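S.K.: All chains, please: the whole structure from these sequences, using the hints.
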Amino acid sequence: MQFRLEKRAEISRSMLYFTPVAAVLLTMIMGAIIFTILGFNGAVAVREIFLTPLTNSLKWQDLAVKSAPLIIIAVGLSIGFRANVWNIGAEGQYIAGGLAATGVALITHQMSGWWLLPLMGVAGILGGMAWVAVPAFLRVKLNVNEILTTLMLTYVAVQLLNFLVFGPWKSPTSFGQPQTVLFNNDQILPYIIPGTIVQAGAPIAIFIAIFAWVLMSKSIFGFQIRTVGTAPNAARYGGFSANQTIWFSLLIGGGLAGFAGMLEVAGPFNRMVPQFPTNYGFTAIIVAFLGRLHPVGVMVAGIVLAISFVGGEIAQTTIGLPNAAVGLFQALMLFLILAGDILVRYRIKRVGQKSEVSSS
Amino acid sequence: MPDNAPNRLELNGITKQFPGVLANDTVSFNIAPGEIHALLGENGAGKSTLVKMIYGIMKSDAGSMVWDGEPFEVSNPKEARAKGIGMVFQHFSLFEALTVLENIALGMDGSLSLKELETKVVEVMQAYGLTLQPDRMVSSLSVGERQRIEIVRALLLNPKLLIMDEPTSVLTPQEVKQLFTTLRQLASEGCSILYISHKLNEIKELCHNATILRGGKVVGECNPAEETSKSMAEMMIGGSLKEISKGETNIFGDVLLNVGSLSLAKSHDFGTALKDISFEVRQGEIFGVAGVAGNGQNELLAVLSGEALAKGEDDIILHGKSIGHFGPNHRRKVGLCCVPEERNGHAAVSDFSLSDNAILTARHRKNLVKTGMILNGPSVAYADEIIKKFGVMATGSRANAGSLSGGNLQKFIMGREILQVPEVLVVSQPTWGVDAGAAAFIHQALVDMAQAGSAIVVISQDLDELLALCETISVINEGTLSKAMEVKGISIDEVGLLMGGVHGANNVDQANDIDKEVSNAVQA
Amino acid sequence: MSIDITIAIIITMVGASTPLLLAALGELVVEKSGVLNLGIEGMMLTGAVVGFAVTYDTGNPWLGILAAAFAGMAVSMLFAVLTLSLSSNQVATGLALTIFGTGFSALFGQAYTGKPIALFKSVFPDSLTDDRFLRVFFDYSPLVYFSLFMVFVVWWFLQKTRAGLILRAVGENDHSAHSIGYSVAKVRYGAVAFGGAMAGIAGACFPLILTPQWVEGLTGGRGWIALALVVFAAWRPGRLLAGAYLFGLIATMELYAKAAGGAFRILPSELWASLPYLATIAVLVMISMRRTKSSSAPACLGKPFMPNN
Chain A
1 MQFRLEKRAE ISRSMLYFTP VAAVLLTMIM GAIIFTILGF NGAVAVREIF LTPLTNSLKW
61 QDLAVKSAPL IIIAVGLSIG FRANVWNIGA EGQYIAGGLA ATGVALITHQ MSGWWLLPLM
121 GVAGILGGMA WVAVPAFLRV KLNVNEILTT LMLTYVAVQL LNFLVFGPWK SPTSFGQPQT
181 VLFNNDQILP YIIPGTIVQA GAPIAIFIAI FAWVLMSKSI FGFQIRTVGT APNAARYGGF
241 SANQTIWFSL LIGGGLAGFA GMLEVAGPFN RMVPQFPTNY GFTAIIVAFL GRLHPVGVMV
301 AGIVLAISFV GGEIAQTTIG LPNAAVGLFQ ALMLFLILAG DILVRYRIKR VGQKSEVSSS
Chain B
361 MPDNAPNRLE LNGITKQFPG VLANDTVSFN IAPGEIHALL GENGAGKSTL VKMIYGIMKS
421 DAGSMVWDGE PFEVSNPKEA RAKGIGMVFQ HFSLFEALTV LENIALGMDG SLSLKELETK
481 VVEVMQAYGL TLQPDRMVSS LSVGERQRIE IVRALLLNPK LLIMDEPTSV LTPQEVKQLF
541 TTLRQLASEG CSILYISHKL NEIKELCHNA TILRGGKVVG ECNPAEETSK SMAEMMIGGS
601 LKEISKGETN IFGDVLLNVG SLSLAKSHDF GTALKDISFE VRQGEIFGVA GVAGNGQNEL
661 LAVLSGEALA KGEDDIILHG KSIGHFGPNH RRKVGLCCVP EERNGHAAVS DFSLSDNAIL
721 TARHRKNLVK TGMILNGPSV AYADEIIKKF GVMATGSRAN AGSLSGGNLQ KFIMGREILQ
781 VPEVLVVSQP TWGVDAGAAA FIHQALVDMA QAGSAIVVIS QDLDELLALC ETISVINEGT
841 LSKAMEVKGI SIDEVGLLMG GVHGANNVDQ ANDIDKEVSN AVQA
Chain C
885 MSIDITIAII ITMVGASTPL LLAALGELVV EKSGVLNLGI EGMMLTGAVV GFAVTYDTGN
945 PWLGILAAAF AGMAVSMLFA VLTLSLSSNQ VATGLALTIF GTGFSALFGQ AYTGKPIALF
1005 KSVFPDSLTD DRFLRVFFDY SPLVYFSLFM VFVVWWFLQK TRAGLILRAV GENDHSAHSI
1065 GYSVAKVRYG AVAFGGAMAG IAGACFPLIL TPQWVEGLTG GRGWIALALV VFAAWRPGRL
1125 LAGAYLFGLI ATMELYAKAA GGAFRILPSE LWASLPYLAT IAVLVMISMR RTKSSSAPAC
1185 LGKPFMPNN
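Chains as they are written, first to last, in our numbering: chain A, 1 to 360; chain B, 361 to 884; chain C, 885 to 1193.
Note that these hints are calculated values from the structure, not bench results.
A quick note: this is a predicted structure, and the numbers were derived from the prediction, not measured.
Beta carbons: idealized from backbone N, C-alpha and C, even for Gly.
Among the hints, a few may not be true.
[As the list claims (entries may be wrong)] Distance condition first, Cα-Cα at most 25 Å in a straight line; then the derived BS3-like pairs of lysine-lysine:
#, chain 1, residue 1, chain 2, residue 2
1, B, Lys443, C, Lys1070
2, B, Lys726, A, Lys218
3, A, Lys7, B, Lys419
4, C, Lys999, B, Lys419
5, B, Lys843, B, Lys626
6, B, Lys559, B, Lys537
7, B, Lys590, B, Lys564
8, B, Lys520, A, Lys218
9, B, Lys577, B, Lys419
10, A, Lys349, C, Lys1070
[Said to hold, decoys possible] Quick look at which bits of chain C chain B covers, simulated, 3 or more residues with Cβ under 8 Å:
#, region
11, 1052 to 1058
12, 1061 to 1068
[Claimed, not checked] Pair by pair, the computed Cβ-Cβ distance ranges are:
#, chain 1, residue 1, chain 2, residue 2, range
13, C, Phe1021, A, Leu142, 13 to 21 Å
14, B, Leu472, C, Arg1174, 35 to 43 Å
15, A, Ile193, C, Val1099, 34 to 42 Å
M.R.: Okay, structure coming up:
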């Protein structure tokens, strides 16, 4: 008995929804096996990472906090990926946005008023956009590959962050700690559910995802992004400018990553510190793919990845699972979702042995 | 040809199933040593699939083959070549960035060094009167020269059977003659040739026997010399041919499209630059652009559609309005629509639904978008209208473009542009790879559109198509467009020379003069 | 600048360049076959941690290098199965490989953090390696000579052998290669495996010849720079050598800037640390400006191939 892949005339809707779910389930099973081999209690590790965050209601607020930046960044990235624009340096844009917001916060530190946060938000968006504008410009004008430039600038952003918090921005009252002063009360995101740590980032993430959904599915802009991404020649023929699409999709991705940076620095961190880069920008790539580059899918996927982060912390304390294990789980999930893609476009067909002609 | 020798190749009941299509249905026929055997059929009749199985690229689902009296099965092209089967592909299997010699080496299984190979290549070329420079990059060669590489590659194996898949579709009439000479010489030396084509005149001229394939089945065998082109065509199509019905009047209106001194630099290494192209098309006229593939047709379409911008805004004038600097959207809005050659990924997005594909080019003229949002109802309605009026076989406007057959998708694309009723329509290869029924439908739609008052430009490599459709044609060669010629009283020899690049102005003028004399004489 | 400092800089530069050169040579072959593997960083990290662990456990750097090569090859097969057999998106899968390698190396390397090994030094006699001038030729790890030898091997393979011709043909036009009868998938599997082994060895260079310990994420984006080098070299091994040494020089400047005072101190150390990345962008810009006409990238680079048989 042999198997053969046969191209489907149209992509399979059911497989489109089924494969991400299967990928998550398979990740749990394979993860359990791998960690058992590595000498941990695999089943417990999987339970702690994937189930405890859901069953323990105290952890739900952590999920909301962790998933918000992931969703915001991934929504932006997924728009770019749809257009076949590969911004993989969202981490750098996230840092740049955080730095820009911090800059505004430091300048306005002695001021007060409701307008401080919106101003920091705008600064964050502009910071992220500025950081991605260089790759966008180089791609459009000189056809320089954006994968490498966005990524290289991420390393530069980390250095810029270090330079600022170890140098000019270091708080005089921090006893030598490399960190800025604490933001003032009007520069910190409000808590939206009393008694929890859930700040304004969570509802904003939901709003952004829904807005992106409408934009991508109903507007001619979304149509343009999809067309440029799937069939660039057809897009040109249809009158859609590839360069304009590259600019838009990179600026949206960078702007949202920068905005997420602002929400983080004005939210959980309250100040800029060297530990600010938390790999949200890279994890958001997994979120985008697991969510099938669809804003609503991204929302679900953002929560799944947040579960793995929160669960990873739980497993670290309860069974001493190293934090790096979570990264392995996440990579495994991405591998499986990519492997599952083939079922969307192909069907597996069983072919019987063909009657052999015996050669004399 | 000794009569008692076994057949070179016998096919018995070869069957191949593809998803949704039975590509070959119990196909059987024989080829004798030294015979030139035609495999005749429309696009999609299953010819290419059949030869791919003989050459080992695909496996049959059922049936058997006999080679020189022995059972025969090959699982890959290497084994086929070892048996003595050579193949020249329709879409050449060449590597642009490699040299001629490297390309030939890739087609050889032996372990000859490049030096030894070069000596052999030169020998073979001398024996068959072919010329090629071994160290040239393929990307710098003409289509005819590229085909010669494939032929030399096949000949080096001393083939017993040579398969030629649509070998003349990209050649000028003169190159075709040269090719036939080579093939006849080969056959006289005992090599069998399986000649795949849908061009009836060639088959009549060259082949000893013909097998006719339709819908994957053998529907007839004949001796082409004893048949008429019409009788073979009817066997091939399975019905009687429908003529294009044209009105009698040839009175044209205003000039709707005026192209003057249009030049365009080449956009990439393997592209062609357009040089000083001028022509005009009047209301009611169908203007044909003939030429061998790769002589600037794609570039011409791009610069007319707005995908590439002209240097000067006056280079392209649409009904008195300069549009050379307009992009595709703007040109559509003012009344110029285009259909490029490539259906999948250029004229249509195969992963998109038909209604989305309607939005792709009709959103402005048909008001399918309002304040940046797509109007779903009107988009679906327009797609449905195209499907209905152009008889597109599809499950509905939600069907993916990629799920349609070539002919149906082409009908949809043509319908999408024609129903927008542009003043000028430019189409490239409107019936390339399309079945005869759809081709006839498309031709009629173009003629009707011209008669309703549009001006139409048809770019095509199929000279017969242009002669049937157009009132005026000119020839594009290496990015230069010849003078416009009236189809009535045209000289095929001259068109052939122009296609082959003989564009000494004197020759053409002389030929024009002769033509004028001829047509004058006829009128007198 | 005194001759001693010049020689010291050359020696540091060659060492810093070696992992870049090895990884980029592997990727060059991969890309020539038409595959874009963005997972170099992940394969390097895997090779680094496995190479370190085996060297530490056995005390034999040769075994460490061999293990690193196999480890790199093993993880590259993950990429190969996904992209070549399951035709997944090469860009996304390469990223996944990098994320995987980062996670795996961090997890696996935890047990080895803070443990020292000996540097894998020159095998030539002290009389040569300690000589004031001759050491510029002899005071290198065998891995350095291996990387130079591989420049020649890759050039010879691609230009002079039939297998190399077939590999180039597959990268140039996969459909044609398939219809002539070459297995596109087999050739590409082979190329990806070679690229994985080279990246694995490149990763092992970090603990073996640069800093003799395991540090999480010690490759610091060098895998991505190697990727840029392939573009910079226009897919030619000889130019790859020049490019890798140029980047080695920039990285060396960073080290000397940190160590030396004086003029270097005027600029913040973070700027020096950013230099390799900024230089990569600058180089990419230069290539794009220069490459007006003939692009030498393999025509099928990054495109999935699926025969319908």
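S.K.: Are the hints correct? Go through all of them and say.
M.R.: Checked hints:
At most 25 Å may separate the alpha-carbon atoms for a hinted pair to count; Lys443(B) and Lys1070(C) meet this at roughly 24 Å. A distance of roughly 17 Å separates the Cα atoms of Lys726(B) and Lys218(A); the hinted pair therefore holds under the 25 Å criterion. Of the pairs offered as hints, the one joining Lys7(A) and Lys419(B) holds, with about 17 Å between alpha carbons and a cut-off of 25 Å not exceeded. A threshold of 25 Å between alpha carbons decides the hint, and for Lys999(C) with Lys419(B) the separation of about 58 Å lies outside it, so the pair is violated.
The suggested pairing of Lys843(B) with Lys626(B) holds, with an alpha-carbon distance near 22 Å, which does not exceed 25 Å. In summary, the hint linking Lys559(B) to Lys537(B) is supported, as the alpha carbons are separated by about 14 Å, within the 25 Å threshold. Distance check on the hinted pair: Lys590(B) and Lys564(B) sit about 11 Å apart at the alpha-carbon level, within 25 Å; holds. For a cut-off of 25 Å, the pair hint linking Lys520(B) to Lys218(A) is broken: about 61 Å separates their Cα positions.
A hinted pair counts as satisfied when its Cα atoms are at most 25 Å apart, and Lys577(B) with Lys419(B) qualifies at roughly 17 Å. Restraint check for Lys349(A) and Lys1070(C): satisfied, since their Cα atoms lie roughly 22 Å apart, inside the 25 Å limit. Coverage of the region 1052 to 1058 of chain C by chain B holds [criterion: at least 3 residues with CB-CB distance below 8 Å; count 4]. Counting residues of the region 1061 to 1068 of chain C whose CB lies closer than 8 Å to any CB of chain B gives 6, so the stated coverage by that chain holds, three being the minimum.
Checked against the given bound of 13 to 21 Å, the beta carbons of Phe1021(C) and Leu142(A), roughly 40 Å apart, lie outside it. Hint check: Leu472(B) to Arg1174(C), Cβ distance near 38 Å, so the stated range 35 to 43 Å holds. Remark: the range hint 34 to 42 Å for Ile193(A) to Val1099(C) is upheld by a beta-carbon distance near 41 Å.
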